[in-house]
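Visitor: Now that you have both chains on their own, put them together as the hints suggest.
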Amino acid sequence: MTRSDGDPERSAPRKRTRWFDFALPEFHRERNVARRGGLARAFEPACIVLCVGLYTQGLLQFGLIFGPDWRVGGVLPVALALAVVAHRYADRLTRPSVIWREWIVLFVPFAVAVRLTPFLSLPADTFSLETGQWLSDPTAIFDIGYLLVLTVLVGVWLTSFHSTLDIAAARIQTGEIVTSGPRPIDRAWDADRVRTIDHTSPVRRLARRFLGGGIALAFCASVTALGAEQRLAPEVVIELFLPGRPSSTLAYANLMIYYVTALLLVSYAVFVRDRTIWALDNTWLSGAIGRHWMLSACGLLTLAACLAFVLPTEGLLSLSEVFLLLFGALFQVASSLILIAYLIFWVVTYPLRLLSGSAEEIAAPARGFEAPPTLVSPESDTSLFDAARTVAIWGVLGIAILYSASNLWTRRAGRGVGSLLAAVRSALGALIRAIVLLVSFARRAGTVAMDAARHAIRGGPDRVACRRPVIGGRPGREPRQTIIALYGLLLARAERRGIVRRRHETAIEFKSVLDPVVPDEVVPLSDLTEAFLVARYGAAPVAEERARGARSAWRRLQSALVRVRVPRR
Amino acid sequence: MISLLPVLVGILLLAMMFKVAFLYQVLYVLVIVTVLSRLWSRLAVRQISVERRFEPRALHGDQIRLTLIVRNRGYLPCPWIRVHDRLPLAIATAANVDHVFALGPGQEHRIAVETVGRQRGWFELGPVVVESGDVFGLTRVEVEHFTPDRLTVLPRIVPVNRIALPSRLPFGEVRSLTPLFSDPARTMGTRDYLTGDSIRLIHWRASAAAGRLLVRKLEPAMTLEAIVAVELANDAYDPASRAYASELAIVTAASLVSHLSLIRQEVGLIVNGVDPARLQPNGPHVIPTGKGPEHRFSLLEVLARANLADVPVLETVLARAVASLAFGQTIVVIVPRVTDGLEARLDHLRRAGFALSLIAITRPSDMNRFQAAARSPVPRHTIWRESDLEYAGDEIRRRPGAIRAA
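From first to last, the protein sequence lines are chains A and B.
If you want the numbering used here, it's the position in the first sequence, counting the first as 1, plus 438.
If you want the numbering used here, it's the position in the second sequence, counting the first as 1, plus 122.
Next comes chain B alone, as it looks inside the complex (with noise of 0.2 angstroms):
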């Protein structure tokens, strides 16, 4: 802003021309003051440190809480020094995290700041800028501060309670509304002894209690072994819509990712969108089915990352993805329309074993026609608003073959 130059050469001229000893010094003063400013204002900026402490995943809708620590570790004085972090816009906060300061050595300075998780996704923090200088306005030092600082906003999640899914796997956890796979340790109550019973079902206490043979009755049970794949190829979608629908196959799959592994299934996920934290952010990201909230919440950061890309359908790349997948697992495809593709994929999937359910993000209007559409067996919703999850499942949940799942 300022610059002593001119006056050190008109200084400088001068003192050559006449020879005085006190223009040399007051020269000096100048020169030094010029020289010390820059060497501080450098040298105090690069001894800041800045350190960031915040939890680094944060579901949809909490309160993050960020502090940012400054700390002068040299031992030069900073007269003055601007921080200022940047934030996303998606999870800026009205209070500007912009604070000028005088740091003496040794010492620190903490901002702490609390923003809401407004939107999913993974966020990159800072860079902090820290600028400084010297007091008389001759020279600015900006450093900026790349901290590895990531912030992960898990998807919305929806409580999901009667969503319907099928399974083909016998004697697991979840009730089943098919009596096919009954499970002997999950008994129902008693009733009378037929002509065939096995011998094995026969309650004994029960029938001494009651003076004549009863037997069990059995609750039907399943393994739903599921695995989510998400539609995320910017073709697939209607561009008038795809934002807001490729967020719902979004909050979909995380909804039903989140509930599933709450019910202690396996799960697993597909998703054909792009994953900036992958080293080939591009491609079907593959995860296989597993267990845990630690599994859980490394699904649930996958589709906080995950976004629309110019990749392949999901129904070109689904039997490559199943490829692994066991017999009997189910596959839920959530895609934003269903193509003669996809479904030739999905009775080619049926056939080959795999228990196949079809949640459509489609429009209130197309509706209907997606309905009569249906000509395969593979059960399937509409969505479009996310409280329809809650109610997806009513639409066939008197389907034969299908599970409840609650």
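Same shape as in the complex, but just chain A (with noise of 0.2 angstroms):
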């Protein structure tokens, strides 16, 4: 019996960072997967990436149609590459997580690639035509082309990531297969309660993609096609891997590939499914049963092929007149209906006709439209909005480009240059937090200069409280209540980086659990946690220095559960 389950083993939950944040995307191996055979680990992201790359031809290929000169040069190779990027890190994660800073890191690489692969097959003075271009204007880098290949590399990433996670999610899930346990009752009720995983949508979600997305393939290859000769020849597979405007058989060969193979992936998908359904029944499964399986799905593909070579294809075109004439059968029913309706409409309002006599409605003239005032655009400064637009979109290109190749430099390549770019990340960092610092200055500066005008204009007494930042609730609140909402502070602040204090746990067990969290702040912990003992339980007041004391505790506790990584418990 072959009984596959997930790694148990889970990393610690994603540190929480603000945005203005550059720490690097931490890439967390949220799944170990499980161990596969290397015919199932070639044959799923093979199946994916060719689709893929299948589909992004035939959008290539449409899209030459209407513009020949769209330069989609290099365009497949860069989006096969990245969906296969996409396929690697979608497959360490158990859940669609959008992670914002991991796809900026992983795609933009490949969004710059397809920026400069065009440039390969045209002549090289071009190249620095543009560039000088792009430093000039940077917004002619965001052409209508390389946007529409942007579009399709977004495709290609959600479609990639999206489709492995689809079929991740038909597999066992970890913890589905409750095996420990203290009594039978227990791994029981266990293993009913996470028998709610549903492993069936996921499938479908992933033959809903594949096979209803190919309609629009085939509505692209056939607009592709028309008016071109129809054949299959040799050449076609040559002609798959290269820009240019294609040929029909290109356009036919491509939809036909990408529906085998969609098939073959969604026959596996199936497998992945049927298996994980029969594991968790606890059946006894063949260890050649992938293979027989695989081996009939091959088998049956190949003679529908052939057999659809064969068929013919002529006199089946007749066919839309068939509907033509049912849509015209239809299209008279209706008309007839709606005469004889009118019909018995005027009958039975003749009488009526007859006794109101023929008065006419005056309709009231309708109104003439006016059209709306010309504006009037002011007069602006062109030079310093060119100067302006043209160091934000740099800044952000360059901001973007910078995040995603230092964290790639730091994680993939030698300390040299990724330190380098370690510290100017580092410096962009601290800019942008001095910046926010200042902008959160001038606020609040601005906040109290309204306040005194206030002050000034109504002459009373100052009955605005002062804003000023509170630790542990409202100023004025009792050093009980204070010290109590500093623990409560804690908590929430531990159970944001996943360390929840559970039901049964005191204070003081739980402090056991943080120490070696935060090992460095034990006697800040030690200091609150004794402070929180005596404010809740204790009957004596509270000392406005033990409520200090609490602040200064939590302040530093603060601080250091912000860089902690926890392991789950």
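Hints in this document: simulated from the structure, not taken from any laboratory.
All residues carry an ideal CB built from backbone N, CA and C; glycine is no exception.
Keep in mind that the hints are not guaranteed to be accurate.
To be verified - Now the stretches of chain A that chain B is said to cover, found in silico as 3 or more residues with beta-carbon under 8 angstroms:
hint: 1; region: 643 to 654
hint: 2; region: 690 to 703
hint: 3; region: 716 to 730
hint: 4; region: 743 to 751
Guide: Quick look at the structure:
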């Protein structure tokens, strides 16, 4: 019997940072993928990448019909590489988490590459000419062709990412097979509880995505092939990987291979889902079932393709006329029904019209359409605007590229260039933090100035309380409440880091849990815990000094809890 | 699970709209895949045969080995096939009889399961559910193979060593405590001749050796031709202990039948419960007395199949059921309680020439009352545990007329 289960080893929860923190994305491996055989390990990504690549090729062919000058050189290899990266990335996750920083890091190199690869097939001076234009006008980077290519790449990323996750969701999830428990009834209870995991919907989604999406590809292929010769030749395979104006044969081969590959992928996903269901039902499973399954799928598809070549296609084109006749008949029937209804209405309302005479409705003349007043654009200093726009666009692009490159360098390559980029990234982060600090200071100063002005105008006593950051509650709160509130903040912060105080845990027990997490702040943690115990359970009044000590302890713990990575309990 | 119909419709519309030949070929591929998948899975499943091999009769507590042979008799391979055998809960095993495998043309797959007969009964095995389908998730085919296989788990048989049953049939093979029926073929010793002794009893060889006349001492013997009547009417039992008491009655009857048969006595059975193997399952089931292991197993099978039913109580059917019995036979009546009507019926049967024995499946608290209420000379036993069967004869062993059957 073969049973596969996800490895229960899980990573720590992700570190939550503020938006201006230039922290590295963590690329946590949230699931150790269950061991698969060599064929299965290669079959799944091969099918996904091939489907995505064929779909991309079909879209590029479709686009070249309308814009023969569309620069798509090198887009297909880049899309294939991006599909591989998206598959490898999604294979690490347990759920479709959208982690923007990781996406940016992985996506930006391909977005940059796809902007540069068309120059490989263009004259050399084209690159220098266009880069000059980009430096003077950065919006020239984002021309329509590049935006369309970017859209295609986003589609490639999303399709490969979600398809991989769908197949992963069809497998046994971590903890789904309960093998440990104090009693059999406990294991049965847990097993029934986790049986709510749906393994069928992901497979359906995958099938809808590829088979239903193939209809759009068929539309594109049909438009591509209009008016062209239809034939099957060996050079199609070569044309498949070459950019340029496609032939109808290429579109045909593209669509046919796409559907065959998509059906193979669906067959694989169905097998993964069925194997999961069988394993959950404690079914004895033959080891050779996977081989027989995929051989049957390949054999059936081969037979279907061979039969499709033999069957006639010419006579079937007249079927559209049958539908036209059918629609014509329906139109005739509908027209007759409307005419009959009108006649009935005319006959029924004839006596009323006879009695009321021939009164004519006097309609009010319609008000004429008045054109809106023309907008007068204010005169502006266009040179300053252009400079600001150029700086802004290049700044955003530079930051994105630098961010992605520095992360990839620090993870993949040596420390030489990576440390330099990391230093630049830190400097940028410090600069943005300083800007944010200045903005907040200015906002606070403005608030104070507004309050002072309001006070000067009203001439009365200052009734507006000064806004200042308060830790642990409002000013004037009793020390007991302050300490309890501070301890509540500690619990909330710890919970955000993945450490939840369980209901049966006392404050001292929870402190022993937190001690290894913040080994440098054991003393403040002890102070805050002790203060909480006194405030919460003590009958004597709590001194103000204890509350101040709790505040200082909380400040140290607050900063310490931000940086920690906590193993899951 | 997955439907290609929307895709087929979409491609067909596009093909008709654009009149492009290769779209029809793509459509052909999808249609052929859909049709062939359905045909393949349906035809392949129809060629699957299931055969079950097992011993149809098992003793209580025995290991039962069931072998399921799944064969592919057709020419199409089955990419996957799931076979699930539904065993009754009473003989279900921890190992789930649920296998998934692939079968090529002409191949077979054997599934062997071992279980234990934990409960007597007549169990219908199966049906065997064979599920298969295509490899694209388009269709699933499930076929149930109803095999006419029945497994009979015989009731528990408790050793009965000292049970005492009365008999009025002399010259049998069972040693009797009553010297009324001495068997001339069973010499147990000699004694001095007394006046009045039959000359046929003189042991001439011993007399010659001893120098005085000695006569043979003969062992009393009887023929214990018995019929066991078991009460299985719902109304006769206390609802609180109905299940336990009825099962104990079955065990008692099976133990007696087995014991009497093993000592080569003729034994019969009267059961007034429901027997699902009969055309008219309700009503009294009378099996005439007989000998031999086959007859013994047939009686035990009846007891294995018998269950409680809403039928008339035993006392109302006993007179009709014993009408065909011969004079002097022993009737062992196993009932949960003794009513006045049953007492009257037993007294009537006793006067009609039958030897009677009454076994009551009664709680220990009711035993004394049951014993005290005994007015008729019919020997009676009280049983509430299976171990009581072994010592049930002690209480009446010294009763006049009782014959020890051991």
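Visitor: Hint by hint, say whether it matches the structure.
Guide: Here is how each hint holds up against the structure:
Coverage of the region 643 to 654 of chain A by chain B holds in this model, with 5 residues showing a Cβ closer than 8 angstroms to a Cβ of that chain against a need of three. With 6 residues having a beta carbon nearer than 8 angstroms to a beta carbon of chain B, the region 690 to 703 of chain A meets the requirement of three or more and the stated coverage holds. For the region 716 to 730 of chain A, the proposed coverage by chain B is satisfied: 10 residues have a C-beta within less than 8 angstroms of a C-beta in that chain, meeting the threshold of three. Counting residues of the region 743 to 751 of chain A whose beta carbon lies closer than 8 angstroms to any beta carbon of chain B gives 6, which meets the minimum of three for the stated coverage.
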